[in-house]
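When you line the sequence shown up against the numbering used here, it's residues 42 to 111, in that order.
It should be emphasised that the hints constitute simulated quantities derived from the structure, not laboratory data.
A virtual CB, placed ideally from N, CA and C, is assigned to each residue, including glycine.
Do not take every clue at face value.
[Unchecked claim] So the derived label-pair ranges between C-beta atoms look like this:
1. P76 x T55: 10 to 20 Å
2. R47 x C83: 25 to 35 Å
3. V63 x D90: 16 to 26 Å
4. F88 x L59: 12 to 22 Å
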Amino acid sequence: MTDATRETTYQCPTCRRLELFVQPQCEEGHGEQCPDWACVICGTALFVDTSFAAGEQVQVEKVRKAPRVA
């Protein structure tokens, strides 16, 4: 995994509120268009149709991951 992670907010169906979601490393070759997102609070996974999301005002930012502490 690279040290950059994409993040955005979605309505989490488990947390029942707007939460931060991150995009895990895509193993299927989608790159930045990967439809998989995971809630940072509860881990719920969303499969987001990128053609649907393109019509919304969705703001995605790249952030640097903190180094892991052993």
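Do the hints match the structure? See the list:
no.: 1; hint: P76 x T55: 10 to 20 Å; result: holds (18 Å)
no.: 2; hint: R47 x C83: 25 to 35 Å; result: violated (19 Å)
no.: 3; hint: V63 x D90: 16 to 26 Å; result: holds (18 Å)
no.: 4; hint: F88 x L59: 12 to 22 Å; result: holds (18 Å)
Figure legend: structure checked against the earlier numbered hints; the only hint not met is number 2.
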